[in-house]
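Peer 1: Chain by chain, the residues:
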Amino acid sequence: MVIREALAPFILTVLLLIGILALVLVPIAMTQPDPWGMIDTFLLGPFRNPRHTGNIVEMATPAMLCGLAVALMFRTGMFNLGVEGAFFLGGLATVATALLVPLPALALVPVALLVGTLIGSSVCIVPGYLRSRYEVSELVSSLMLNFAALFIGLYVVNYVLRDPSAGAMVSYKIPLEARLPRLIAGTRIHLGTLFAVVACIAGSIYLFRTTWGFESRIVGANPGFATHLGLPIRRIMLRAQIIGGAIAAFAGGIEMLGLYQRFSWQSLPGNGWTGVVVAILARDHPLLLIPAALFLSYLQVGGDLVARNHDVPSEVVGLIQALILIFVTASAITRNPRLLAWVAGRRTENEA
Amino acid sequence: MAASTTGDLPFLRFEGISKRYSNGTQALSGVSFSIAAGDIHAICGENGAGKSTLMKILFGLEQPTAGTIHLDGEAVSIASPRVAASLGIAMVHQHFSLIPSLTVAENILLGQEPRRGLFIDRAEARRRVLALSARYNLDVDPDARVGALSVAAQQKIEILKALSRDGVRALILDEPTAVLTPPETDELFQQLRDLQRAGLTILFISHKLREVRALADHVTTLRLRQVSGDSPMAQISDTEIAALVMGASRPTPVLRGGRAFGDTSIDVRGLQLAASNGADRLTGVDFSIRAGEIVGIAGVDGSGQRGLVSVLSGARRPTGGDVSWNGSPATSLETVEWRRNGMAHLPADRFHQGGARSLSVTENALAGAHRLARFAYGPFLRKRAMQQRVGEIIEEFGVRCPGPGAPLSALSGGNAQKVIAAREFATRPSFLIADQPTRGIDIAAAAFIQSRILELAASGAAILLISADLDELLALSDRIAVIYGGRIVATLDNGPDVTPERLGPFMLGLESAAW
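As given, the protein sequences belong to chains A and B, one line each in that order.
First residue of the first sequence? That's 9 in our numbering, and the numbers climb one at a time after it.
First residue of the second sequence? That's 2 in our numbering, and the numbers climb one at a time after it.
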């Protein structure tokens with residue numbers, strides 16, 4: 009009973025997700041000649057083939073890391089969308105380092121990732137600094153800066169890294185010794201996944217078990233309280249954005265070295281936005297980021313399979329994501345005492 | 002339009018009005034009095050005496066739990082502001098509800114715009130506003146943008162808006178002068194007298210005696226949720242009104258004489274603070290607190306208490322004057338420096354400053370102390386030490402909570418305040434600011450916190466006590482300083498001769514004494 013009580017919010021979220029899936033899938037399936045086949049492909053398809061199951065995990069890897077970056081900033085009361093740009097620029101700077109800097113094979117990956125992290129995180133740190141120094145809304149400045157990062161990045165790709173022998177605007181091939189090792193044969197799951205899981209665990213320890221994390225949560229929960237305590241709010245805010253930016257940029261580097269042969273992004277890849285969705289779904293809890301990221305990736309893989317095999321565009325997944333965002337953030341539903349009581353199998357006091 | 006007086010029948014009568022909120026707070030108990038047609042009727046009382054609740058009931062925003070309202074001798078049930086409007090009752094709230102980007106005419110006729118087909122008939126709207134303005138002799142420019150106007154002009158618009166409905170007979174004004182300068186206040190009073198001549202009955206809520214004297218024909222005083230006095234202005238003196246508002250002095254036997262005080266701890270000289278909110282402004286505050294002494298600040302809410310606390314806790318920098326602490330300058334210390342030197346602060350606003358609702362009891366109780374070697378090991382928190390300490394606090398302060406991991410929001414106000422007090426007292430402060438330390442909490446919790454404050458003083462801390470509860474001030478303070486209009490107007494050594502009656506005139510700005 010106690011366990012059921014504690015899990016009530018979680019169970020309620022899961023019930024909501026099932027409801028949303030049904031709400032979108034059922035009407036779409038009815039338009040299909042083979043409705044059961046489509047639902048079957050969507051829900052079970054990803055597990056029929058180890059390669060597809062692997063896709064879930066590899067897709068969840070940047071989602072976990074970007075979600076972690078967003079969650080750490082959300083918890084501090086910051087809404088920095090620079091995660092998207094930091095991911096992009098982190099990936100690019102990592103590739104650029106691997107391509108341009110002559111390094112011994114062993115140092116290649118760590119140095120490339122480090123440089124990528126340093127350069128990429130600037131997309132979060134600059135808005136963070138402007139916020140803490142001049143009270144510029146980090147939401148607006150980071151959103152704008154994402155595009156600055158994109159176009160600077162495209163310039164660098166085009167004029168510095170571009171491989172003229174390749175047909176498209178892509179970089180030279182990333183040296184083989186810079187690629188992250190694959191973990192499971194038959195899939196593309198790479199070392200980065202391990203990093204991501206460890207990062208989520210470390211993020212949880214950081215938030216709940218360290219003085220810095222505690223201070224972040226105080227500022228996020230109530231800035232007036234932090235002022236009252238005399239905490240250095242600006243420094244705490246900036247710290248959160250530096251850490252978040254670094255994680256997002258690191259995620260970009262890992263994504264590149266783990267899955268790509270060349271830097272080939274022509275636009276913002278969208279992983280930062282996915283991070284926002286993941287963080288919201290996980291309610292900014294670093295450990296819950298892991299299932300949240302896996303779940304969203306599962307939907308994406310299922311959606312892609314349906315798009316390939318049935319006459320349904322993969323944008324359906326976007327529709328499901330949008331509904332999830334709306335319903336999961338609707339605290340009128342997820343925090344509703346009556347619903348929670350019902351899920352926990354207990355009667356509310358005023359009903360008695 | 003003129004209100005008809007049918008014989009001796011009062012225009013409006015409250016009969017045994019009681020109000021109890023669902024959370025158990027009693028806001029009014031058995032309030033009965035009458036308002037004569039065509040009078041300017043003042044309702045006086047301290048904060049929390051029930052004035053606003055009574056007006057909300059009259060305007061249909063709240064429903065009484067018992068009692069009836071009679072209008073022209075007939076019982077009426079005012080279920081909503083719409084019903085109040087249909088009965089001819091209009092209200093001007095303390096906080097304006099105007100839209101700054103719209104014009105005067107648009108604001109006044111908001112929701113009742115004249116239409117022509119699908120569109121608003123602007124010419125007609127303008128005409129109506131001008132007619133209204135002429136009828137009540139309230140000059141406004143219908144085309145001006147409200148945001149560009151002065152506060153006094155906005156208030157005029159607010160009044161016109163209230164009068165724009167048809168058949169208005171009574172106008173309620175809730176502390177209308179709070180936002181005005183003295184000349185604007187005089188102008189408002191002139192306008193209100195004009196409205197009275199036009200046949201309106203006016204209910205004027207205020208706790209400024211001078212204004213009540215200048216304007217009203219009749220006054221009703223509320224104290225502790227009941228009517229404490231009701232009289233024509235001509236038959237009552239200011240001191241009598243003050244006594245009715247403040248209440249007869251309850252004997253306060255806790256006399257704290259005989260204790261030796263140490264050297265001057267906090268010394269405040271000519272402290273000034275410019276603030277956008279006039280209620281926080283300081284215009285020259287002088288006082289000092291010796292070690293082991295409790296200095297109580299008495300004053301009507303919004304007389305500068307907030308500004309004083311914000312300067313002495315490091316939240317704001319004063320614009321003039323000096324603060325010294327144990328002989329060292331402390332005028333521009335930051336909060337963190339105040340705290341490092343031994344300041345602790347029980348804030349008036351429990352959930353905006355005192356704690357974070359969404360964080361746990363443990364986290365609220367130990368925030369700020371979390372970097373002490375006792376609770377931190379390098380960058381990590383010692384969870385076990387924190388659990389153990391919070392267990393002690395819960396035990397020692399008798400905090401009733403579902404558990405140390407429960408969010409602060411799960412606790413009652415009194416228990417939340419205990420958690421906050423435990424945190425602040427744990428630092429063994431040498432200077433404590435106790436701002437409304439027992440407001441809104443139950444008697445047992447209040448007594449406990451008060452006894453803790455006394456203990457702290459006995460151990461040699463300098464204590465600044467700010468409280469709207471005069472009984473509390475008189476029971477705890479060694480000296481009482483009265484603040485009015487952002488400065489200390491009197492400082493009295495606490496003793497049997499210091500009573501609410503004696504403090505009242507100072508608090509209301511009728512008298513000031515050099516000290």
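FYI, nobody ran anything at the bench for these hints, they're computed from the structure.
Positions of the beta carbon are idealized from the N, C-alpha and C atoms, including for glycine.
Treat the hints loosely; a few may be bogus.
Stretches of chain B that chain A covers, calculated by requiring three or more beta carbons in the stretch to come under 8 Å of a beta carbon on chain A [said to hold, decoys possible]:
1. 331 to 337
2. 340 to 348
3. 353 to 359
4. 364 to 377
5. 383 to 395
Partial selection, computed: residues in chain A whose CB lies under 7 Å from chain B [unchecked claim]:
6. 212
7. 217
8. 229
Counterexamples of contact, computed for chain B against chain A with all Cβ distances above 10 Å [said to hold, decoys possible]:
9. 11
10. 33
11. 289
12. 314
13. 315
14. 498
Peer 1: Are the hints correct? Go through all of them and say.
Peer 2: Checked hints:
1. 331 to 337: Our answer is that it holds, as 3 residues pass the Cβ test (under 8 Å) against chain A, meeting three.
2. 340 to 348: holds (count 3)
3. 353 to 359: Satisfied; 7 residues make the cut.
4. 364 to 377: holds (count 6)
5. 383 to 395: Since three or more residues must qualify, the claim that chain A covers the region 383 to 395 of chain B is violated, with 1 doing so at under 8 Å.
6. 212: violated, 13 Å
7. 217: holds, 6 Å
8. 229: OK, holds: residue 229(A) within 7 Å of chain B, min 4 Å.
9. 11: holds, 41 Å
10. 33: Correct as stated: the minimum Cβ-Cβ distance to chain A is 33 Å, above 10 Å.
11. 289: holds, 24 Å
12. 314: About 8 Å separates residue 314(B) from the closest Cβ of chain A, which leaves it inside 10 Å; violated.
13. 315: Violated: least Cβ distance 7 Å, not greater than 10 Å.
14. 498: The claim holds: residue 498(B) sits with its nearest Cβ about 37 Å from chain A, beyond 10 Å.
Checked against the numbered hints listed earlier, the structure breaks hints 5, 6, 12 and 13; every other hint is satisfied.
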